[in-house]
Amino acid sequence: MSDEQTKLIQEAVAKALAGNMDMINNIEDRVTRSKAKAALVKAKREAKKGAATSEETPSEEIVQAESPPEKSLNQKVAEAIEKKFPASLAGDDVDGHIQLTGANWFEIAHYLKDNPDFLFDSLQCVTGFDLGIENDLEVRYNLHSMTHNHTIEIRIQTDRKNPKIPSVEQVWRIGDWFERETYDMYGIIFEGHRNMTRILLPDDWEGWPLRKDYETQETYHGIVVQKVKDGWE
Amino acid sequence: MGLLENRFKDNVVVASLDKFINWARSTSPWFFQFGLACCAIEMMATAASRHDLMRIGMIPRSSPRQADVMIVAGTVTLKMALRIKKLYEQMADPKYVIAMGSCATSGGPYWQHGYHVLKGVDLVIPVDVYIPGCPPRPEALIEGLLKLQEKIQTERPLTKKIA
Numbered sequence: 001m002s003d004e005q006t007k008l009i010q011e012a013v014a015k016a017l018a019g020n021m022d023m024i025n026n027i028e029d030r031v032t033r034s035k036a037k038a039a040l041v042k043a044k045r046e047a048k049k050g051a052a053t054s055e056e057t058p059s060e061e062i063v064q065a066e067s068p069p070e071k072s073l074n075q076k077v078a079e080a081i082e083k084k085f086p087a088s089l090a091g092d093d094v095d096g097h098i099q100l101t102g103a104n105w106f107e108i109a110h111y112l113k114d115n116p117d118f119l120f121d122s123l124q125c126v127t128g129f130d131l132g133i134e135n136d137l138e139v140r141y142n143l144h145s146m147t148h149n150h151t152i153e154i155r156i157q158t159d160r161k162n163p164k165i166p167s168v169e170q171v172w173r174i175g176d177w178f179e180r181e182t183y184d185m186y187g188i189i190f191e192g193h194r195n196m197t198r199i200l201l202p203d204d205w206e207g208w209p210l211r212k213d214y215e216t217q218e219t220y221h222g223i224v225v226q227k228v229k230d231g232w233e
Numbered sequence: 001m002g003l004l005e006n007r008f009k010d011n012v013v014v015a016s017l018d019k020f021i022n023w024a025r026s027t028s029p030w031f032f033q034f035g036l037a038c039c040a041i042e043m044m045a046t047a048a049s050r051h052d053l054m055r056i057g058m059i060p061r062s063s064p065r066q067a068d069v070m071i072v073a074g075t076v077t078l079k080m081a082l083r084i085k086k087l088y089e090q091m092a093d094p095k096y097v098i099a100m101g102s103c104a105t106s107g108g109p110y111w112q113h114g115y116h117v118l119k120g121v122d123l124v125i126p127v128d129v130y131i132p133g134c135p136p137r138p139e140a141l142i143e144g145l146l147k148l149q150e151k152i153q154t155e156r157p158l159t160k161k162i163a
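Going down the list, the sequences are from chains A and B.
In terms of our numbering, the first sequence has 139 at position 139, counting the first letter as 1, and numbering is strictly consecutive.
In terms of our numbering, the second sequence has 110 at position 110, counting the first letter as 1, and numbering is strictly consecutive.
These aren't lab readings, by the way, just hints derived from the structure by calculation.
Please note that a few of the clues may not be correct.
So these bits of chain B aren't anywhere near chain A, every CB distance computed over 10 angstroms [said to hold, decoys possible]:
(1) S28
(2) P109
(3) K147
Distance windows between CB atoms, simulated [to be verified]:
(4) L131(A) <-> R137(B): 40 to 50 angstroms
(5) K86(B) <-> Q217(A): 14 to 24 angstroms
(6) E5(B) <-> Q217(A): 33 to 43 angstroms
(7) T197(A) <-> K147(B): 56 to 66 angstroms
(8) R55(B) <-> P209(A): 42 to 52 angstroms
(9) K85(B) <-> L131(A): 36 to 46 angstroms
Just so it is clear, CB atoms sit at the ideal spot from N, CA and C, and this is done for glycine as well.
Same shape as in the complex, but just chain A (with noise of 0.2 angstroms):
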């Protein structure tokens, strides 16, 4: 841009912040008219932002010092747990998910889909987690609210060798399937479902292919599961 242009579209937007418009309108070059416009609404959007921030700052900082800092979804949900149904927490940190124990399970299932503050009407997922061999297996459940639109997620351990949760299958009837798959992969028996058998793979197979010490059976049916080929690594 030449030092004229520019100047012509300062001195344009200078009138036209004033309320004279006719500079910039009588602009005859249509390219220089364009960026005069646009450099007058830049300055006008400014002049209002500075004008904004002046004004509210000061309200702001009122109203911080005032109110302590706002609870976290997980802070209220795990606070309403721990008061209802004492002792079924499982460790303190709630920051990210909340750990639980295992015990009163279907009961606090129903507390948080019923209770109007929360409201957790839909189960989205139900995973199954290995630990590791010497380690516990963990599910993991991930409640939303279409009411409040939060989102939760539920933690619980449970004994490798005997590994038993209750089921939540008749709270939510999406769990059925869920609850179904998790046992399929790891084995976790879940203690109240109504059907507690196999869904992906056939019911006379052996074993719980996710978990980490898993073996694959050596024939099904008749048919030799060859693990690796020769020639490969």
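Dock chain B against the given chain A, drawing on the hints supplied.
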């Protein structure tokens, strides 16, 4: 053909009949319409208007009783392997099998760690033509079907097999 199969000695009449039967079989191998995985999409594309399987005499049949060729299109899990075997046994002779794609020929990407995948459908049923690819393009499937037609044409249905 059960009554006539492999019962005759080689002579001019039987040799011509052989040729006639082979011509009939090879130019109308109706295939069994079922797919197991993504290869089935390519099989559908092959049967659709652009590639048009019907011009080489192939019509999809929904019943194993009416089908001559079984195209195993996709990953064969161990659960499905038993069912594939049953379907193959339900097909009427003469019957042919095409293993389409790397999963059906060898297990494909599930070669090493697929605990539930059959490492090649030939462990369960006899295969006539293998088509490589993941998945094979319709051209490759048509090539395989033409190879199958060539194979059918070399058969001698009526004459005794030479040991």
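Hint-by-hint comparison with the structure:
1. The Cβ of S28(B) lies farther than 10 angstroms from every Cβ of chain A, with a closest approach of about 33 angstroms, so its non-interface assignment holds.
2. For P109(B), the shortest C-beta to C-beta distance to chain A comes to about 13 angstroms, beyond the 10 angstroms cut-off, and the non-interface label holds.
3. Look at K147(B): its CB is around 25 angstroms from the nearest CB on chain A, clear of 10 angstroms, so calling it non-interface holds up.
4. Checked against the given bound of 40 to 50 angstroms, the beta carbons of L131(A) and R137(B), roughly 44 angstroms apart, stay inside it.
5. About 21 angstroms separates the C-beta atoms of K86(B) and Q217(A), a value consistent with the hinted range of 14 to 24 angstroms.
6. A hinted range of 33 to 43 angstroms holds for the C-beta pair E5(B) and Q217(A), which are about 40 angstroms apart.
7. As the Cβ distance of T197(A) to K147(B) is approximately 44 angstroms, the hint placing it in 56 to 66 angstroms is violated.
8. Our hint of 42 to 52 angstroms for R55(B) and P209(A) holds, since their Cβ atoms are close to 45 angstroms apart.
9. Taking 36 to 46 angstroms as the suggested C-beta distance range, the pair K85(B) and L131(A) conforms, at roughly 39 angstroms.
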